[in-house]
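**Student:** So you can see what is in the structure, the chains are spelled out below.
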Amino acid sequence: MELNQLYSEIILEHYQNSPNKKKMDDADIEEKGHNPLCGDTITIYLKMDGDIIKDASFTGQGCAISQASTSMLIDLVKGKKLDEAKKLIQEFTDMLYKRDVDLDDLGDAQALSGVADFPARVKCALLPWKTLEEVMEEKEEGK
Amino acid sequence: MEKIIDARKIREDFPILKVRPYGKSLIYFDNAATTQKPESVIKAIDDYYSGMNANVYRSAHYLSGVATNAYEEARNRVAKFINAGSENTIIFTRNATESINLVAYTWAMDNINEGDEIILTVAEHHSNILPWQMVADRKGAKLRYVYLNEDSRLDMASYKDMLNSRVKLVAVQHVSNVLGIINPVEEITEMAHKVGAKVLIDGAQSVPHMRVDVRKIGCDFFAFSGHKMMGPMGIGILYVKKELLNSVPPFLRGGEMIDEVYEDRATFAVPPLKFEAGTPNVEGAVGLSAAIEYIEGIGLDNIHSHEAELTQYALEKMREIDFVDIYGPRDMRDRGGVISFNVADIHPHDVSTILDQDGIAIRSGHHCALPLMRYLDVPATCRASFYIYNDMDEVDVFIDSLKNVRKWFKWS
Ligand SMILES: Cc1ncc(COP(=O)(O)O)c(C=O)c1O
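Residue numbers (my numbering), protein chains in the order written: chain A, 1469 to 1611; chain B, 161 to 572.
Quick caveat, the hints were computed from the structure, so don't treat them as lab data.
Check the hints yourself; a few may be wrong.
Straight-line C-alpha distance at most 25 Å; calculated DMTMM-like pairs for lysine to aspartate or glutamate [said to hold, decoys possible]:
1) B:K570 - A:E1477
2) B:K563 - A:E1481
3) A:K1591 - B:D190
4) B:K567 - A:D1576
5) A:K1489 - B:D537
6) B:K570 - A:E1470
7) B:K570 - A:D1576
8) A:K1490 - B:D505
9) B:K567 - A:E1470
10) B:K184 - A:E1498
11) B:K570 - A:D1543
12) B:K178 - A:E1470
13) A:K1566 - B:D516
14) A:K1598 - A:E1552
15) A:K1490 - B:D537
16) A:K1491 - B:D505
17) A:K1549 - A:D1576
18) A:K1591 - B:E453
19) B:K570 - A:D1585
20) A:K1549 - A:E1608
21) A:K1515 - A:E1608
22) B:K567 - A:D1519
23) A:K1591 - B:D505
24) A:K1522 - A:D1543
25) A:K1489 - B:D518
26) B:K563 - A:E1477
27) B:K567 - A:E1481
28) A:K1500 - B:D537
29) B:K184 - A:E1470
30) A:K1591 - B:D516
31) A:K1489 - A:E1499
32) A:K1500 - B:D505
33) A:K1591 - B:D537
34) B:K178 - A:D1585
35) B:K570 - A:E1552
36) B:K567 - A:D1585
37) A:K1491 - B:D537
38) A:K1549 - A:D1519
39) B:K401 - B:E453
40) B:K563 - A:D1517
Model the full assembly from the supplied sequences, consistent with the hints where possible.
**Tutor:** In C-alpha cells form, the structure reads like this:
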C-alpha cells in the first residue's frame, strides 16, 4: 500500500470539498462521534421518514481519513432504509479488517480499503460507521 | 568541534533501532512517549530470570536472597541517582501515574479538606490532573490552574498571586511533554512551602534528560517512570520526603506491607515496604537499575547538551518552513528536547502517517494534555522528541519529509 492510495484524489475530494459537510437544523437525529485517543470528532445529522434516511449531513473536525470516511458514509446512506445502512456498516467494517467481502455496494467508500494496511488509522476510518451504528442500537433499544 | 555524544555509535547499543519500517532506516522521535532500551537493560532482565528469580523478602533460601539484594540495590541506585538521601524514600510503583495516584489516595485524602485549594498548571499531563479532580470532588476542595505567559512559559506572577493559606498542594510537572518547558521547580516549591502547601513534582519528562536533585528542589513528592529513561515498562518511582514518609497512610494493602496481622486489624511495615503491597516488579527494578547505569555511563549533562543541540537545530530548520507552526518557547532557555508543531491545513494524524512512510516515528494527538490543547486552541499537535540515539542527520531527513507533507494533499 502506497501513500498515494491512502491520500487518493477521491479521498482528498471528500475531505476538502464535501457537499455533505454542513449542519442540519431540522434533523430528527443528531449523533456525536468522538475518538478520544486522537481527538477526531464528528456529528451526523439524519432526517428520517419512518425507517428511511431521507437526508443526512455531518460536521466535524479531524484527520483526512475520518472526515472523508464520514462524507462517503453520508453519500451512501441517503435514501436507504436503516436495515440497508446496517448491512453497509458491516461490509465497510469487514473491508477494513480485510475480511472477504463484496465491495460493490460501498461506492466511493471502497477507496478506503487501503486504510486496512495502516492499522493505526483504521479507527479513524471506522469512526462515522460506529457512530451510525450507535444510532441504530439506540433506536432498537428504544423500540 | 568534537561531538559530545556520538549518536551513531550509541545506536549500536539498541537492537530495536535496526528495525527497518517499510525498508527505511528507523528514526525514532517519539521519546517523550517511551524510550528504546539498550542491550544492557534487556540483558539485565534476562540475567535476572536466568540466574536470580525468586520472590523477594519472603523466603530464606539462596535465590530469594539474591533477588532481594538485586531489588534493594536497584532502590539504592535510584536514591543516589536523584539524590534522595535515604533509600527508604524511594517507593516502587508501576509508573508515574500510579505514583501520583498513590499520593492522591493516601496523603491527599487525609490532608485536603473542604475549602482547601490545589494548584496545578494548565500544561499538566492527565495523570497529574485526574487524581486531583478526584480528591477535589470527594473532599470539596478547589482546583486552581496556573496558565502560561506570552512566551509559553509558566506565568509565575499569577502563581504567586494564587498562593494563600488555603492552598494545601501544588502539583506541577518538571518538564512539559508538549511544550518542552522546564519549570522553575525549586522556586515553585519554596514559594509553596512559605504558605504551608506541600509540593508534588511530576518528573516523568525531566529525570531521563537532565540532572535532578530532589533534595535541592526541596519538594515533598516526586514521581517518574522507568520506561521513559530506557528502563522497562511497568516500573515507576515515587519519592516521598523523609519527614513526611511516616505520616503518609498505606496505599494498597496485602502481603509484604505489614508488620503484624490479627483477625481484625494489622500494623504496617516501615516505609518503603509499607507502600509496596504484593509481589513487586523485581524484573522492572533490575532493568531500571541497568538503565540508570547506562545513563550514568553517558552522563546526564552530556545527554542534556546533546538534546539541546538537536532541538535548537530542529527548531531553526522548522522555522524556515512557512507552513509549520511551532508551539512552545521561541528560545532555548530552560527548554527540553520536545517540539510540538502543526502543518497548516493538515491534521496531525495525517502528518504522522506521511512521515511514518519515511521511517520517522513522531507522536500525533493530544498528548494526554487536553486542557492544554484547549488552551492553545488546537485539536491536536504533532510532536517530535529526542534522545541520545538521535542526531542531526536524522533531523535533516525529518525536515525533508516535513517539507513534502503538503504535496500529498496537492497543496504545495
Ligand atoms: C509529563 C508526564 N507526566 C506523566 C506521564 C505519565 O507517565 P506514565 O504513563 O508512565 O505513568 C507522562 C507520560 O506520558 C508525562 O509525559
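**Student:** Sort out whether D190 (chain B) lies within 25 Å of K1591 (chain A), counting only the CA atoms.
**Tutor:** Measuring from Cα to Cα gives roughly 21 Å; hence the hint holds.
**Student:** Check whether the Cα positions of K567 (chain B) and D1585 (chain A) lie no farther apart than 25 Å.
**Tutor:** 21 Å, holds
**Student:** Straight-line Cα separation of K563 (chain B) and E1477 (chain A) no greater than 25 Å?
**Tutor:** 20 Å, holds
**Student:** Can the restraint linking K1549 (chain A) and D1519 (chain A) be considered satisfied, given a maximum Cα separation of 25 Å?
**Tutor:** 6 Å, holds
**Student:** Assess, step by step, whether the Cα of K567 (chain B) is no farther than 25 Å from the Cα of E1481 (chain A), and give holds or violated.
**Tutor:** Holds, because 15 Å separates the two Cα atoms, which is no more than 25 Å.
**Student:** Please work out if K1500 (chain A) and D505 (chain B) have their alpha carbons no farther apart than 25 Å.
**Tutor:** Between K1500 (chain A) and D505 (chain B) the Cα gap is close to 23 Å, so the pair holds against 25 Å.
**Student:** With the threshold set at 25 Å, check whether the alpha-carbon distance from K567 (chain B) to D1519 (chain A) stays at or below it.
**Tutor:** 43 Å, violated
**Student:** Under the criterion that the straight-line Cα-Cα distance not exceed 25 Å, is the pair K570 (chain B), E1470 (chain A) satisfied?
**Tutor:** 16 Å, holds
**Student:** With the threshold set at 25 Å, check whether the alpha-carbon distance from K567 (chain B) to D1576 (chain A) stays at or below it.
**Tutor:** 23 Å, holds
**Student:** Checking one constraint from the list: CA of K563 (chain B) to CA of E1481 (chain A), max 25 Å. Satisfied?
**Tutor:** 22 Å, holds
**Student:** Hint check: K570 (chain B) vs E1552 (chain A), CA-CA at most 25 Å. Holds or violated?
**Tutor:** 35 Å, violated
**Student:** Verify the proposed pairing of K1490 (chain A) with D505 (chain B), using a straight-line Cα cut of 25 Å.
**Tutor:** Holds - the C-alpha atoms of D505 (chain B) and K1490 (chain A) are around 19 Å apart, at most 25 Å.
Hints 10, 18, 22, 25, 35 and 40 from the earlier list are contradicted by this structure; the remaining hints agree with it.
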